[in-house]
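Enquirer: Each chain, letter by letter, is given below.
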Amino acid sequence: MELEERRAFAENGLLAAADRQRLFDALWKEWRPRLEAYLRSFSGLSAEDREELAGDALLRAFERADRYRPERPLEPWLVAVARRMALSRLRSPARRAETPAAPEELLGEADGRRPGPEAECIREEERIAVANLVRSLPERERELAFLVYGRSMSLVEAARATGSPLGTVKWRMSRLRELLRRATEVEDAE
Amino acid sequence: MPNDIGETEARLRAFFASEIEAAARDAPPPPRLPARQSLLPDRQARIPEMQSRLPARSIAGRADAAGRGSAGDAAASVALAACLAIAAVSAFPRQAEGRLATIVVAAAASGRLEEVRIDMAAGAASIWETGLARRSRGDY
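Chain order of the listed sequences is A and B. Once you know that position 92 of the first sequence is 91 in numbering that gives the first Met the number 0, the rest is easy, because the numbers rise by one and skip nothing. Once you know that position 84 of the second sequence is 83 in numbering that gives the first Met the number 0, the rest is easy, because the numbers rise by one and skip nothing.
Keep in mind that the hints were calculated from the coordinates and are not lab data. A quick note: this is a predicted structure, and the numbers were derived from the prediction, not measured. A few of these clues could be false.
To be verified - Among the chain A residues that face chain B by a calculated CB cut under 10 Å, a handful are:
| no. | residue |
| --- | --- |
| 1 | Ala-16 |
| 2 | Gln-20 |
| 3 | Lys-28 |
| 4 | Leu-34 |
| 5 | Tyr-37 |
| 6 | Arg-39 |
| 7 | Arg-49 |
| 8 | Val-133 |
| 9 | Gly-149 |
| 10 | Leu-179 |
What the hints assert, rightly or not - Looking from chain B toward chain A, a few residues come up when the C-beta cut is under 10 Å (computed):
| no. | residue |
| --- | --- |
| 11 | Arg-24 |
| 12 | Leu-32 |
| 13 | Ile-126 |
| 14 | Gly-130 |
Glycine included, each C-beta is placed from N, C-alpha and C at the ideal position.
Produce the complete structure using the sequences and hints provided.
Expert: Shown next as structure tokens:
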């Protein structure tokens with residue numbers, strides 16, 4: 000997203016209603032799927048939660064865009080909004096009484112998705128193996144894997160998105176790479 | 000499964016791309032934006048919700064229906080407002096926070112402490128969800 004577009008986002012409150020709607024539609028198309036995919040990092044959220052939260056987070060970010068600084072990348076800020084809303088939902092008293100989704104349930108849900116054209120290069124069994132690997136990661140490392148590998152964020156941007164100190168993110172990244180290396184070695188041994 | 004970490008990382012990239020693509024395929028159409036200021040519950044609608052989170056009795060006693068407290072309440076309000084202002088200015092010396100402190104002083108001195116507390120609760124919730132407003136921050 001170019002600086003001018005980010006400025007328009009930050010100042011959307013000044014736009015005419017039709018222009019504002021047009022800008023929101025474009026953001027919805029571009030960013031909502033990314034936020035929904037990001038929210039898969041939180042194993043306590045159901046598919047319905049993720050769909051609802053991705054839309055709500057985008058609406059909230061759009062409504063409060065005057066808090067965004069357009070000289071900075073948009074994605075870490077959007078992710079931070081979605082993340083906080085997800086954590087608020089997971090911490091709500093009603094939510095605490097529920098049992099979080101088990102990894103097996105998430106596995107079945109993901110496996111039911113058809114691979115699209117971009118993923119056609121991955122053979123199905125490899126896809127399932129990678130899905131299993133992602134799900135075997137601890138939640139924070141899974142989140143970091145999405146941001147760094149799925150969204151090509153730098154560690155500084157990932158730190159901004161997750162509200163964590165850069166040192167913590169570097170440590171998590173080295174732990175993530177170690178987990179990936181171990182998983183690769185186990186597969187090689189088999 | 001890939002046999003080196005570089006290949007594993009490439010597979011992860013492709014996997015996440017397919018997740019995003021699947022989410023885009025199943026995405027609902029964008030909603031129509033309501034008129035300005037109506038995307039989120041307005042402040043009036045949130046007041047009962049905020050009040051339910053507050054202690055039953057305010058620090059300085061309940062203001063009467065006209066929004067004025069007794070002489071004792073007013074004195075307590077001014078004392079509390081002074082403490083809040085000193086704390087706010089010490090913690091947040093920049094201009095925007097200074098203005099916040101001024102608003103707290105003015106509102107608290109008039110005996111409308113409940114409203115001040117509700118505003119502060121709403122402000123804290125807003126900061127938690129979207130961060131501080133741009134004009135309230137320095138460059139760091």
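Enquirer: Does the CB of A:Ala-16 sit less than 10 Å away from some CB of chain B?
Expert: Nearest chain B Cβ about 8 Å off; hint holds.
Enquirer: Using the nearest Cβ pair, does A:Arg-49 come within less than 10 Å of chain B?
Expert: A:Arg-49 check passes; min Cβ-Cβ to chain B is 8 Å, inside 10 Å.
Enquirer: Regarding the hint that A:Lys-28 lies at the interface with chain B, is the smallest CB-CB distance below 10 Å?
Expert: With a closest approach of 7 Å, the A:Lys-28 hint holds.
Enquirer: Is the shortest C-beta separation between B:Gly-130 and chain A less than 10 Å?
Expert: At 5 Å from the nearest chain A Cβ, B:Gly-130 passes the 10 Å test, so the hint holds.
Enquirer: Once the shortest beta carbon distance from B:Leu-32 to chain A is found, is it less than 10 Å?
Expert: OK, holds: B:Leu-32 within 10 Å of chain A, min 5 Å.
Enquirer: Was the hint right that A:Leu-34 lines chain B, CB cutoff 10 Å?
Expert: Holds: closest Cβ of chain B sits about 8 Å from A:Leu-34, inside 10 Å.
Enquirer: Would the hint on A:Gly-149 be counted as holding, given a Cβ-Cβ threshold of 10 Å to chain B?
Expert: At about 3 Å, which falls below the 10 Å cut-off, the nearest Cβ of chain B leaves the hint on A:Gly-149 intact, so it holds.
Enquirer: Does A:Gln-20 pass the interface check with chain B, least Cβ-Cβ distance below 10 Å?
Expert: holds (5 Å)
Enquirer: Does the interface hint hold: is A:Tyr-37 within less than 10 Å of chain B, judged Cβ to Cβ?
Expert: Where the cut-off is 10 Å and the nearest Cβ of chain B is about 9 Å from A:Tyr-37, the hint holds.
Enquirer: Would the hint on A:Val-133 be counted as holding, given a Cβ-Cβ threshold of 10 Å to chain B?
Expert: With Cβ-Cβ at 7 Å, under 10 Å, it holds.
Enquirer: Was the hint right that B:Arg-24 lines chain A, CB cutoff 10 Å?
Expert: Holds - the Cβ of B:Arg-24 comes within 10 Å of chain A, reaching about 7 Å at its closest.
Enquirer: Closer than 10 Å between Cβ atoms is the bar; does B:Ile-126 clear it against chain A? Give me holds or violated.
Expert: holds (9 Å)
Comparing the model with each earlier hint shows no violations; every hint is respected.
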